[in-house]
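A.B. asks: If you want the building blocks of each chain, they are given just below.
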Amino acid sequence: MVDIDYEQLMRYAKQFSGVTEQMEETLQGLYERVKPNMADVTEDFYAVLLDIPKAEPFLKDRVDSLKETHIKWLETVFSGPFDVDYVRAMYRVGDVHVKAKLPVEFMAGAMALVSTRLIAMLGTIIIDDQKRFVEAVSAVNAILGFTLMVMQQSYESSRLAEELEKFLKITGMSRTLFDNLASAYKE
Amino acid sequence: MREDMLASILSDLNGSSADIEASAVISTDGLIMASLLPANLDEDRVGAMSAAMLSLGDRTASELTRGSLEMVLIKGSDGYVVMTHAGEEAVVSVQAKSSAKLGLVFLDIKRAAEAINKVI
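Going down the list, the protein sequences come from chains A and B. Each step along the first sequence adds one to the number in numbering that gives the first Met the number 0, with nothing skipped, and position 185 is 184. Each step along the second sequence adds one to the number in numbering that gives the first Met the number 0, with nothing skipped, and position 71 is 70.
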C-alpha cells in the first residue's frame, strides 16, 4: 500500500480547485435549506446512471445502499469540514471504485451529473439574489473539483498498486526485490 | 567472515578463466553479498537486475514447461551475462567476454554456485 500524505494532498487539491474558507461558509450557510432536496437530487442522479448501459451493472444490486451513502455525502458537501478526515474518506472512496473495477471516467462523469443537479437545485432556492447564487455555484464547483481531485489521486495510486501486484505475481519477483530494483535506479 | 569466504570464491571463479570479467553473489532480494565488479558498474543495479532476471527466468521456465531453471543466459554484442541460483537464498551473476568458451564458463559457475551454497 502506498503511503499517502493526506495533509499535503488536501493543500494541493484545495489550491488547485480554489476552495476557500469563505466558500465553505457559503455552503454551510445553505445547509438547512438544501438538506430536504438531497433525496431528490440523489434519485435524479441514479436515474440517469441506471440509464447508462455501462454503469448499470455496477449499480443494480445495491442501488438503495448507494443512494443512502450518496445523500450523506451530498449533505457533507454543504456542511464540511473539508479537512484531512474528509480527504482520507474521499481517498478511500476512490480506492473502493478501483476495487469495484469501475471505469475511471465514471468519477468525472458522476461529478458532472452531481454538479448539474446541485446547480439546478440551488437555482430553485436562491431566486432573487444573483450574487449569492453565483457564490453558491462557485463554492459547489470548487468543492466537487476538490473531491474529484482527491478521488482521482486515489484511483491512480490504487490502479498502479494493483498493476504492480499483478506484475509481481507474473514475474515471481518479491516486493522487496522490486523495491531494491526501483531503489537502484532511483534518480 | 562469510563475506570474505564469498569474496574468495568469486576470486577463484574470476581467476579460473580469462573469459570471466566480473562476478557477484546476490541475495534473492537483489542485494549484493560479495562482488568483484569493474568500477564502472553499479553494485546495486547489478544485484537487483540479476536477481530480477533470475526470478523472471524461474517463471518463464515454469510457464513454458521447461522444468526447473538452471540458468539465465544473456548474450550481448560485447559479451555474456550468466545468472544461476546458489542454493535457495542466493544468486550468482557472471559477466563473460563475447569470445568465452561457454561450456567451461558454465562449469566454473556451477562449481562456484555449489561452494557459495555451502557457505551460505
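Hint data in this document are derived by calculation from the structure and do not stem from the laboratory. Cβ atoms here follow ideal geometry from the backbone N, Cα and C, with glycine treated the same way. Accuracy of the hints is not assured; some may be wrong.
If we take Cβ atoms under 7 Å as the criterion, some of the chain B residues that face chain A in the derived model are [stated by the list, open to error]:
# : residue
1 : Asp11
2 : Ala51
3 : Met52
4 : Arg58
A.B. asks: Are the hints correct? Go through all of them and say.
C.D. replies: Hints versus structure:
1. Asp11: This hint is violated: B/Asp11 lies away from chain A, its Cβ roughly 27 Å from the closest one there, beyond 7 Å.
2. Ala51: Holds - the Cβ of B/Ala51 comes within 7 Å of chain A, reaching about 5 Å at its closest.
3. Met52: violated, 10 Å
4. Arg58: holds, 4 Å
Of the numbered hints given earlier, the model fails hints 1, 3; all others are met.
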